[in-house]
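Residue numbers (our numbering), protein chains in the order written: chain A, 5 to 303; chain B, 449 to 954; chain C, 10 to 370; chain D, 290 to 661.
You may find that some hints are simply not true.
Unchecked claim - With a Cα cut of at most 16 Å, we get these calculated EDC-like pairs of lysine to aspartate or glutamate:
#1 C:225 <-> B:758
#2 C:341 <-> D:422
#3 B:685 <-> B:671
Simulated from the structure, these hints should not be mistaken for lab results.
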Amino acid sequence: KSTKKGVIKVGIVNNPPSESGYRAANVADFEKVFTEANGYKVSTFYSLKNDEQLNAAAQFVTDGVDYLLISAAATDGWDTVLKSAKEAGIKVFLFDRMLNADESLYEAAVVSDMAKEGTTAVEWLKAQKLPEYNVIHIQGAMGSDAQIGRTAALDAEFAAGTMKKVVQQTATWDEATAKQIVESVINSKEKFNVIYAENDGMAKGAVAALDEAGITHGVDKDVVIMGFDCNKWALRELLAKNWNYDGQCSPFQASVIEEMIKKLEAGEKLSAKKVISEEKGFDARTITQADIDTYGLGE
Amino acid sequence: MQNDIVLSMRKICKAFPGVRALQNVDFTLYKGEIHALMGENGAGKSTLIKVLTGVFPKDSGQIHMAGINKEIYVRSPQEAQKLGISTVYQEITLCPNLTVAENMFIGRGNYLFVNWRSIEKKTTEILAKLNIPARANQQLSTCSLAVQQMVAIARSVDMDCKVLILDEPTSSLDENEVAKLFSLMRELKSRGVGIIFITHFLEQAYEICDRITVLRNGEFVGEYEIKDLPRVQLISKMLGKELDDISALHNRRELQAGSDATPVYEAFGLSSTESAKGFDFKIYKGEVNGFTGLLGSGRSESVRAIFGADKITGGRVMVSGKNVKIKKPRDAMKQGIGYLPEDRKQDGIVEDLSVRENIILALQVMNGFFRPFSKNEAEAFADKYIKLLGIKTASIDTPIRQLSGGNQQKAILARWLLTNPKYLILDEPTRGIDVGTKVEIQKLVLKLAEDGVSVTFISSEIEEMLRTCSRLIVMRDRKIVGELRDEDMTQAKIMHTIAGEAAQNG
Amino acid sequence: MAKGLNKFARSQLVVPLFALFLLVVFNLIRDIEFFSISIITNNDGNTVLSGNIISIINGASELAILAIGMTLVTASSRGQDISVGAVAAIAGSIFVSVLRGNQITIPIILIAFLASCFVAVMFGVFNGTLVAAFKVQPMIATLIMLSAGRSIAYWINGGATPTVSSPLLVNIGGFIPGIPIPTPIIIMILFGVLIWLLLRFTNLGLYTQVVGINEKSARLNGINAALIKLLSFMILGVCVAISGCINVCRIGLINHETLLLDIEMDAILAVAIGGNSLGGGKFNLSGSVIGAFIIQALTVTLYAMKIPSTAVKAYKAIVIIAIVVISSPIVKEYALQLRNKLFKKPAKIMENCENNGELTI
Amino acid sequence: MINNRGLLTGILGKKHRDPISNTSFLLRITICTFIGMYILAMLIWGGGFLNPQQFLDLFNNNAFLIVIACGLTVVMIAGGIDISGGGVTALVTMVCIVYLDDHSGSVIGSLCIALGIGITFGLVQGILISYLDIQPFIITLAGMFFAKGMITIVSAVPRTAAQEAFVTLKQFRFEIPGIGYYGKTGNFIPAKIELGVIVAIAVVLVVAVILKWTRFGRNLYAVGGNKQSALMLGINVRRTKFYSYLLAGLLSGIAGYLYLLHTGAGDAANATAAEIQAIASAIIGGTLLTGGVGSVLGTLFGVLILKTMTSIVVTSGLREPYWQSITTGLMLCFFILLQSVVLALREKGSLKLSLPEWIKFRRKKSGTDSTP
Ligand SMILES: Nc1ncnc2c1ncn2[C@@H]1O[C@H](COP(=O)(O)OP(=O)(O)OP(=O)(O)O)[C@@H](O)[C@H]1O
Ligand SMILES: Nc1ncnc2c1ncn2[C@@H]1O[C@H](COP(=O)(O)OP(=O)(O)OP(=O)(O)O)[C@@H](O)[C@H]1O
Ligand SMILES: [Mg+2]
Ligand SMILES: [Mg+2]
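Could you put the whole structure together from the sequences, leaning on the hints where they help?
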């Protein structure tokens with residue numbers, strides 16, 4: 005229609021960059037790749053709210069974009085929109101987060117495997133061979149893909165009885181709330197030796213509570229600290245041996261998707277339905293400055 | 449005779465925290481009579497009505513009504529309406545955001561759907577019949593106070609009732625409307641409706657009522673046939689003492705004839721957004737002048753313009769010979785002008801604050817933001833004026849909302865007296881005030897004048913103005929049409945001035 | 010004495026205090042050690058107090074400060090500011106960006122705080138102008154900042170969650186060496202005293218109430234109603250800046266998306282639990298502060314009871330409803346009547362029925 | 290005393306205010322703004338705005354919000370507030386899904402559950418607020434907390450409905466013949482309306498009728514205008530308030546079901562902040578938080594305006610993420626100021642000049658009317 009020949013219209017539905025350091029990097033990545041110079045006309049919409057995301061996706065469909073890229077705030081409720089996109093001949097990619105819909109409704113998903121991040125972290129924890137595991141588990145916003153994936157692995161251990169759940173609370177990604185949760189455990193004088201926070205910010209909040217209570221943390225100290233996302237400042241804490249572990253969650257999916265789009269434009273078929281980003285976890289004992297420079301997010 | 453009783457109340461008691469508003473009050477209403485309920489401000493008249501109509505629960509006592517064998521318990525105004533008691537409360541109690549027609553019919557009868565056409569038609573009829581200058585589909589808030597009062601009355605009268613209660617319905621009506629109301633009351637009376645009529649105007653009571661019940665301080669004083677009770681006695685029953693002789697007030701008028709010095713306040717071509725047209729006005733030290741005219745002739749608007757209460761659009765003002773700018777009330781206050789507004793509830797009282805805070809408010813504002821009075825100072829000020837004006841209140845910390853209407857008015861008056869104004873504007877200060885206090889206020893005004901304060905006094909009662917003012921400014925149609933002084937000041941002259949040109953306009 | 014007691018029984022503080030008392034008793038029954046305070050040495054080597062009481066008061070600092078400002082806004086403008094969380098994010102971001110641009114010293118911290126105060130007050134002026142001059146309803150006027158605020162903060166931060174670290178900031182968010190009480194508590198108390206002085210030595214309280222109850226009357230008595238409303242929004246701006254900065258100092262990081270998230274609801278709730286009418290007019294600041302403590306005590310209790318995090322809100326709701334039901338004038342009246350019946354004091358019924366003098370609708 | 294009736298009416302007759310009340314005036318501003326905004330968007334950005342489906346999607350996507358906002362309008366007119374709408378909506382979606390999928394429930398049954406939950410919330414909140422005199426904000430905030438808490442107690446994880454009958458119902462669409470757009474492959478896609486839209490429009494109409502023509506509706510206005518007066522006029526204030534909350538609760542229940550019909554998902558994050566949006570819509574539509582003034586038609590357009598603003602921001606191609614919210618804020622600000630300034634001008638009377646002739650005519654006529 006109004007699109008000039010050769011210009012590809014792309015609609016991106018994402019979470020707002022302010023959500024976390026991870027997200028900021030993710031948004032920046034997409035802004036870098038999908039530019040006018042590269043031949044794209046891009047509209048974006050950012051929201052943490054499921055219904056707003058759904059509305060925006062529907063609008064992109066009626067707007068007649070060629071490709072719709074979605075990182076869903078919540079996993080459910082998408083199939084209506086995806087169906088209308090399919091009907092209109094719009095190709096959908098999922099990135100960063102999976103959503104709960106039939107495979108036929110999208111071209112491909114380029115995602116982090118949150119569940120795998122969780123298992124990697126828990127495997128690492130088990131490998132520490134602590135005499136006992138008393139874990140404070142601080143969850144992210146309930147229902148997000150990241151929370152579900154990172155919680156599952158730990159929940160399995162709790163259920164199996166290999167680790168003891170001291171407390172499991174959501175701090176909805178908020179540092180101050182995380183601090184209060186840990187404070188409450190300290191006040192109750194219960195024993196704990198691991199803090200498993202589902203992102204870096206909450207881990208930082210938890211550590212602040214420990215510092216105030218005079219409890220040591222980090223490598224070979226009283227409490228093991230675990231976080232996710234690999235913000236640069238968090239990795240520096242690892243390097244300083246104040247924290248023990250940080251799980252990576254790769255925000256860089258834009259170029260992978262762009263390649264796929266190019267393929268489709270050239271009339272080729274895509275080989276895989278699901279592309280999982282390569283991710284690893286960092287141990288305070290082995291991390292190097294080079295790691296921080298390559299993998300750290302933010303400044 | 450017994451059979452003719454429509455309503456009887458026995459030994460009614462009602463106490464509020466700190467006040468016994470009613471103690472063992474008896475009241476009997478016969479079929480087809482108009483029964484005046486009289487007493488000073490705060491005597492408990494309104495409370496008795498509210499107990500009867502279920503606004504307040506009573507503490508003890510019995511209420512009986514004709515046709516019902518048992519004692520009745522009224523829990524809400526709605527129930528009272530169902531029992532055939534329809535009421536016009538003291539403060540206008542209509543909904544300003546609804547139309548006139550809706551206000552007439554809402555809350556009445558058993559309907560599920562509103563038939564707009566029919567209620568508007570009926571309303572138009574009623575309005576026409578009572579000659580109320582309003583349209584059925586007009587929003588009530590755009591009507592003047594008097595019209596609202598008339599609508600409230602029309603509503604109650606239109607209801608098919610056995611008992612009609614009118615709590616000070618005439619306080620914001622002019623004589624013509626009062627006459628209309630009276631003829632209406634007579635008509636209802638002939639239909640056998642019992643009417644309870646509360647007023648502070650003795651003439652009105654004597655004109656229309658059959659019997660009088662007098663309350664004093666929440667106690668029942670007595671019930672009298674009107675012909676057995678001369679005015680003087682009625683007054684002494686109400687006040688519990690003799691009323692001072694008010695003829696003395698007349699004589700002093702000579703004392704205050706204007707001087708030739710510079711006026712305390714002088715305005716040239718003053719006009720405001722509320723359509724006060726450019727007018728000239730001046731007042732000298734120690735002078736009492738009045739604005740007179742018909743309802744809605746712009747008296748209030750003129751004084752509001754003087755005080756800067758409405759937005760000023762033009763004109764020049766001099767105070768004590770110096771040019772000053774009065775754009776807002778604050779400016780006027782700085783020049784030593786005080787203003788007691790006409791609409792006590794909307795413009796005057798600060799409902800939830802205590803009597804003390806209400807009294808000191810204006811002085812406090814003049815004293816400055818950074819210099820609040822200490823509690824003791826404030827109490828001393830308030831106490832002095834509570835005594836001086838005889839304000840009836842449970843305590844100095846009672847929210848002013850809980851005072852009776854007249855006492856609220858006194859508190860607002862106290863607020864302005866406290867500021868020691870050079871020039872005090874009183875817009876209807878005696879509205880809803882009992883006979884005794886009215887005289888007190890008039891005396892006070894004269895006393896103030898003697899002390900060198902200039903006063904502008906507005907009242908709907910011409911006698912009152914004649915008694916206190918030395919100069920009258922006559923208004924019509926928002927314009928000053930004449931000025932009367934000394935020997936010119938008679939009822940007839942005033943009427944003439946107002947009507948004179950009107951006749952030509954035809 | 011008896012009269013004083015009676016007066017107290019009628020005051021609006023009774024119920025919030027009673028609710029607080031119930032929470033305390035409940036916790037003591039649940040765990041006798043709940044309120045024990047211990048003296049410990051923290052990781053910075055300071056001797057400090059620790060325990061649930063400290064956690065409650067400390068955690069409630071921001072909320073209490075905001076509740077004070079919110080009370081004033083409510084009283085004068087008859088509405089609430091729902092943008093406090095978002096503006097706090099902006100204030101925090103300003104604070105952090107000034108700090109990051111400089112070597113962190115005490116004067117720089119002060120400058121950073123003043124800068125954030127200035128910005129927050131400017132946003133207060135923006136909201137206040139809409140409310141006072143343009144007569145927009147507070148909730149809708151502040152909706153603008155609610156929707157735009159956190160994005161503005163993002164823009165200031167130029168990206169995600171920057172961190173600041175300095176022992177000085179830890180002193181503000183945690184403990185000052187030599188003082189065993191958390192600094193936020195001290196700040197809260199200082200601020201409370203400041204506001205008390207303001208109310209004591211100016212007419213702010215009186216003016217605010219008059220404006221809130223009857224604006225027309227306020228004008229006719231020479232009060233500049235618009236200015237008073239504006240002033241209350243500006244004071245709230247200061248509250249917002251203080252609580253934003255405290256919150257940043259606690260963790261040493263600004264996350265504009267989650268900083269004081271949903272605090273506006275809690276602040277409004279604190280005002281209401283404290284017995285203040287959300288319809289404006291008369292107010293009582295101590296009520297709001299107690300309300301803030303109740304909310305925080307409740308949160309800490311629920312954490313301590315290890316209620317599943319997701320269900321916390323449901324329990325909170327039940328407790329809140331219980332509190333307000335007890336404080337409802339009608340329930341109070343029933344309770345008094347019941348007491349009179351039980352203890353046979355019929356003669357005094359009339360004086361005791363608190364509310365029958367008022368129109369309860 | 291002084292008197293002259295004829296003269297009096299002469300004077301009074303001249304000073305009539307405009308016959309349109311502020312309510313309908315605000316309503317007009319809202320409607321005009323919406324139409325103007327949409328046309329402007331069509332002219333400037335074209336694209337999606339020219340696509341009829343996008344216009345219909347305004348309704349399709351926000352049917353639930355329209356219904357919540359209607360309930361809220363009713364409560365606000367009576368001088369209260371209800372912020373539990375979003376929470377109840379989310380709770381309904383979750384409970385219905387659990388019932389449909391885990392307890393193999395029927396569609397009718399789930400509908401009953403939805404209504405039941407709504408009514409229960411309305412009932413409890415209504416009783417507490419109107420009969421115990423508790424501030425509505427606290428109660429409904431607690432109601433929202435409770436609903437949100439309950440969702441996760443019902444099911445800790447988000448769910449998608451799978452029950453067949455329900456899915457069929459969910460996928461049902463009314464196709465509008467002749468109107469539509471062309472897809473990428475050149476296929477014609479007819480414009481569609483979801484079932485929920487029909488319900489939402491019906492709700493708007495029914496509530497509008499209730500507000501305008503029933504005793505209950507008028508009582509709401511009276512109570513919101515001045516509850517003391519309403520009481521003394523013989524209105525059962527408590528019962529009126531109670532019913533307003535009950536109605537709002539019921540509508541939240543319906544809204545929950547509509548949400549479910551739209552997305553088919555149950556999630557604690559559903560309809561987050563719907564209450565704030567509903568309040569905003571109602572206020573934009575000319576309803577006052579102070580009570581006594583408002584209309585549901587205005588609220589409907591309030592929702593449309595609010596959502597069109599978002600659409601415009603999305604379409605306008607603002608890349609910087611923060612600009613989206615800031616622009617939304619600015620547009621909201623602009624609208625609010627417009628409303629306020631226009632009202633103020635009108636109050637001052639400077640707007641009277643530009644009013645059409647028939648109003649002036651009517652004023653004259655009614656002036657002569659009242660002269661006997
Ligand atoms: N709601 C209330 N709470 C407490 N005290 C009240 C309340 N209403 C009235 N009172 C007190 O009861 C007494 C009687 O008041 P009421 O209004 O019945 O007087 P009134 O005879 O109607 O006077 P007025 O002529 O001034 O209207 C007064 O002292 C008043 O202070
Ligand atoms: N035709 C009318 N329709 C509505 N309101 C009117 C009309 N005429 C006058 N009013 C109202 O009545 C008031 C008349 O002005 P003003 O109050 O100055 O008169 P007044 O002489 O003091 O009469 P009052 O005896 O009512 O105090 C105006 O404020 C106006 O709002
Ligand atoms: Mg009275
Ligand atoms: Mg007047």
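Unmet hints by their number, sorted upward, for this structure
none
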